[in-house]
Amino acid sequence: MRVDASGGLVRASVVQDHQLVVMVRKFEPSSRKKKMTAKWSNEYVVAQHRDLQASTMALDSSGQYVLLAGRRCLAIVDVDNPSVVIKKFPRQSKWEVGSAEWNPHSHYSDLCAISSNQRTEILSWNSVDLTSTHCLRFHTRAVSDLNWHHFEPTLLASCSVDTYINIWDFRDTRKPCVSLSAVVGATQVRWNRVNSHLLATAHEGDVRLWDWRKGSSPVQYIAAHLHKIHGLDWSAHQEYQLATSSQDCTVKFFDVNNPRLVENELRTVSPIWRARFTPFGEGMMTTQLRRGENSLLLWSLSDLSNPVHSFLGNNDLVLEFDWKSSRSDDDDYQLITWSKDQSLRIWRVDVNLQKLCGYEPENQPQIVYEENESTFDISAIDAISTKSDKEIEVGLEVVEETYLDLHHSLAPTIIVPDPLRLAGHKTVAASIAAAQAVLTNTLSPTSHRKNISVLTLNSNIGVGLDVISQAEHYSFNKEIDQIKSLGSIVGADNSVSVCDVDETQRSLTTVIRTAKHQIVLHVSLPSSYPDGAIPNFVFGKGNTIDTNARSKILKVLKQVATLSCRKGHPSLELVIQTLLTSIDQLTPVDKSETESSKNITLSVNSSTTGNTPFRLPQTGLGHPSFLQTGGLFSSLTHHQDHNIPYPRSSGARFCSAGMLICFGRPSYLRRVNSKTSDTSTTPRSLSVNQAYTSSLVQHSLAASSNTTPYGLLYPPVAQSPTGDPSVSISSFYNQDRRQKSRTSKSKNRLSSYSSSSDENKKGTQDTRQHKVVGMVTIYDASGLMPLQLELAERYVFSDVDTAWMCNQNAAVAAQFGRKDLTYIWSLGALLATPTLTVENNTHQDLETPWAQNPFGRKLLHSIIEHYVKLRDIQTVAMLCCAFGYKCDSQEIFRRKTTRSESGSRNLRWGLKPGESPYHTIHPGDTTLESWNVSKQTRSNSWSDSLAGFADDFRPGINSVSSGRQLPIASIFLPYPMSVISGNVPDVTEECKDLSLDFCRNKDFRLLDPKFNGLFDNYRRCYADILYRWGLLEARVLVLKYLSTPVDPHRGVDFVTECFHCKTSVRGPQCTNASCKRVPLNCVICRVFVKGSASFCLVCGHGGHGKCMSHWFAEEGVCPTGCGCNCLLENNTVFSV
Amino acid sequence: MVSVISTVDTGHEDMIHDAQMDYYGCRLATCSSDRSVRIYDVKNGTQTLAADLRGHEGPVWQIAWAHPKFGNILASCSYDRKVIIWKETSGQWVKFYEYSNHDSSVNSVCWAPHDYGLILACGSSDGSISILSATAAGGWEAKKINNAHTIGCNAVSWAPAIGPNAAFDSSTGTRTAPVKRFVSGGCDNLVKVWREDKEWVEEAKLEGHSDWVRDAAWAPSIGLSRTVIASCSQDRRVILWTNDGVSSSWNQRVLHTFEDVVWHVSWSVTGNILAVSGGDNKVSLWKETVEGQWVCISDVNRGKGSTPGQQ
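Those protein sequence lines, which keep their order, are chains A and B. For the first sequence, my numbering gives the first residue as 1, with consecutive numbering after it. For the second sequence, my numbering gives the first residue as 1, with consecutive numbering after it.
Some hints here could point you the wrong way.
The following label-pair restraints were derived from C-beta to C-beta distances [unchecked claim]: (1) P854(A) with D115(B): 54 to 62 angstroms; (2) F1088(A) with V4(B): 50 to 58 angstroms; (3) G117(B) with E1115(A): 32 to 40 angstroms; (4) D115(B) with Q518(A): 48 to 56 angstroms; (5) D197(B) with Q852(A): 52 to 60 angstroms; (6) H866(A) with E199(B): 37 to 45 angstroms; (7) G1067(A) with R195(B): 38 to 46 angstroms.
Source of the hints: derived by calculation from the structure; they are not laboratory data. Yeah, the Cβ is synthetic: ideal placement off N, Cα and C, and Gly gets one too.
Just need the whole structure built from these sequences, with the hints factored in.
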């Protein structure tokens, strides 16, 4: 007996007669692995019947008997005891049995049809004897296939190369009830499983569909393949779905209503002999027709790119297979295969395997187990021990006994199993199963050790124990494919190649080349991989990284592999991805180091993992969904998604005027070792954290089957959030911490894994989450800002008296303890002292205005500059306003009146800012014409006010110009003209010159007009901040000081028709010089409208806002009686 | 100097990736890995959930409030490759526009200064930057800068409209149209400045980081011609880029090298304080002194005395 110490599957062979009975058990590596193990342990029974030379096999409808038919004999075998031939009936025929099929109907289940050359025989089996009851002869050439009708128990279809398809009712054996004539011979015939009238036949590469009620011609032709079709199968549920398997290595799926369109296609490397739908889920089982390709492949129809499972173990071509339906008490199916080497194999296809094909059990068994920290992670080995050579010959009974003995030796305290087991039973498999249960229950670390020793002992005996790794074999191939596929998407600079693949040793070598590095990594998979053991990684020759980096990388790889394998998932793809990303972070080493390290090969984690109880490193990444999807998802399949940056989990943002919004990871997710200043501490890209991406997709897979352009790569994600903390980048942060609540979490994991959402648990989880992740702190950081809301609220504006304004604001600043600002404002007040203005200055020095004094403009500018440095935009903007000039008609109007009141004091050059004429003028309203025209007639109008200026200032101008000898006109086209010149329509050349001339005299202002743009920026900035504070009034006041015109209105503009003179007016006053009245009259109260007005956009009637709202509170139509339904009409106007 | 106004329990079920107050500081929007965007009314230290916006099919990375003059509009971007613009109409938040023309995760969204209209820039891991502008007809127009950052764009930030060029040019008497600019950072370790010149052109390429640039932020201007851009990177550094507004050269200055990767930089409204946050879950505030030095002020002791004349 030979025991592979690494565990896994152990096969014991006992020779009995010339039959070889092989039992295979795979034991649970640990109790924790229970689920995963079940997934992979396709226990199977092999019975060889070399003497039968059977060419085909048929399983009866009860699943009890198997008919093995060949040229020499027919044999009946009990499925439960396949090694024993119940009855063997010799045949005297020179023809092989072409096909055989039991009647699928229970009350005719004793009948079995076999075809042999031109004849079809119907046999009856009565548990004892097999008798021929009917013989159907009509075909003139060999019958190639036959098929019982699914609904009519007496109907049987047979097809032949004689081009006829005959449908028999076996009660009349003389001739078929229907004979369908095709031009070419048929190789396959299959009744539709839903529609009782429809059947399909295969003719070389074509398929014909027949409705046997209309036998003259086929109802449909399908040119399915270019090569011969070997197999046909209808879907059991979808009436029109047909699958054809062909020599051309494909299986094609057709909707027979649309024969030109291949709905789906499955490709393999070898010709496909049979492709049949699985009785569970949406699956397809195929067998190949090439020597060496002896495995049966199970495919899920949802993804035909790769098989979901392969049943490996047949040593020759599989001739026939069938499903034994589940017993009532469990959902398992058994797959029964008959291969050319005359072996009958029975495989268990459990629920997990069925699920891969989309099968969804109604009652999901709840698996509850405790996560045990001290659980050893080792594949326990169940073996058949034999006490002596002599006993081997005793046979099955002995085998069973030794099982029990073994258990006794392992765990003496166990209760002897129930009598059934002792009494001996039909199959070895059953006893093994029972024994296994006992062993599982009693397996503990101590007993386990005993187990090992027993096995070691046994290994000396030398009975053939062989490790079979069939379950993983397939995944190995798939993994290699995955790695290879990685190569195409890792980017231009990188390459991944796989060489030296050895399937039997399960090892491979990958060569990874990046821009800087080359890495040669030997990977070998222990037999228990991926079910607990992790792959071994050894760096090969030709690496360009130093030993230090190697060990680092190995550590990472091991960690990744461990996490993946812990869940029983293949990890190679992930490992390579991780490797790629970690290489990126390395720096190249110099040559010498490479040379020296060349001979050092790091061997990691010997393959005896099975014997070494290794504990998972305390990464804390014991998160339920971490790597759950394993091979299902590859985030790297899309190159661009590889570079999604790692999400921010903390941040701080300044918002609004003085707020700081902070969010961060909750304390339990903070990293313990954040002090280590290693760049790799926080990953840069999301793809590094596979857990996150895979978990993202995990939801989607579970939640939605919609296909998107991205396919698996990025399927639509479920809308319902999961409260599962694991589905998060938080898993990354957890790896520094040991999970305290492991036990409870693992329970959650299980429930979530089995996709049965445990609402209660989720609830509690939610509340916990609720507290933890969602905290955002809003700080008031205005203390840090050079701004103060209180000041903004209380600051005053005055364009009339700058000194007053400054004094007032100084008081405000003092009120809030801002001594610095109090000082500045006081200084401002001094600067603006009226006694310093030109008027008082004239007799001293007309040539030097106050602004040019070092304590004038220069001082003001340096103050502003200082506050700009401090970023105190509030003070800066306020100073700019205090010493700036307003641009507003109303202000000017007011100024004019006050000026006329105040008399001659203001008749001089008003350097007092508020009274200066050097304000900016709205371009649209300022034309030379209006200046001149309105000179005579004073009114409230804007242009008149300007004219008023002219009058007011004439004396002052004279006095100033006496020194400068400027013409009067030059005063009137002052500096502001430069501002508006672009918009003045008819400025004469002379005027331009004059304005330029005047520009030289702009020195009169305390704020240098040169920087007006800058000052405006300050004002705008402050206005924006005031807006944020909600101080709208203050904002408007600030904006009034803007020297540059505001953008012209570019939206819808309403023009009113003057009520009196019918002139079109855009303002509050009629522009018609002869009218000049308020153009709007209220239709209700007949009084002119000033202020809020409301009008119907359709009929144009309206008036005071108040009047209108009163009216329309009760009415819907126009108050004038024009018939307009104003409310309704306006609604439609605005809804457009 | 900094006090907590309120602590908002957002109730998100997973990591929060961004949180922002609106223009007035009345509403808080947060986005999370749980695929939702939440809006809270924050008043007097209490908060009420105003909306829970669901529509993204992946984690939502960033959000951005539009200027209130366009209404209450919020943009969000997600791993699901979509940008969604949400709008509040009569008290209900609805999807205003959905843009799904990116081929990978959209990592950053930023609204242009309101002066330009309703314009949104989006940076995606597919390397491109999209500029979405609302048209007068009520639709949206998208311009795309393909391959803006070769491996992926991680951040976009608009230049303030109040720049040196936005000023009124008194010599010619005409208003020069403000030039639209924004800065972007990407996986090619570069920070790029883009200017609209009919089409978007790359105006400057700022090389200085040695790893992925995670965020870039254009400092608000208070009117000076000098412009500053802060960028942070996986290389744990924050770099301040300054331009004098006259030449086309940018000066580079490393603010600090942090202990962990730096994810986010955010300017205060006056542009003199920079909030830096990163992978170590810490926030530090940096302030420019009158002398032009940058000091960390989140550490109270060090911050003292650095701001004369201020409280």
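Evaluated hints:
1. For the pair P854(A) and D115(B), the supplied restraint of 54 to 62 angstroms is violated, since their beta-carbon distance comes to about 38 angstroms.
2. In this structure the hint that F1088(A) and V4(B) lie 50 to 58 angstroms apart at CB holds, the actual value being about 55 angstroms.
3. Judged by the Cβ atoms, the range 32 to 40 angstroms given for G117(B) and E1115(A) holds: they are separated by roughly 39 angstroms.
4. Our hint of 48 to 56 angstroms for D115(B) and Q518(A) holds, since their Cβ atoms are close to 54 angstroms apart.
5. At roughly 42 angstroms, the beta carbons of D197(B) and Q852(A) sit outside the given window of 52 to 60 angstroms.
6. A C-beta distance of roughly 42 angstroms is found between H866(A) and E199(B), which places it inside the suggested range of 37 to 45 angstroms.
7. Distance hint check for G1067(A) and R195(B): the Cβ-Cβ separation is about 39 angstroms, which falls inside the suggested range of 38 to 46 angstroms.
Hint compliance for this structure: hints 1 and 5 are broken, all remaining hints hold.
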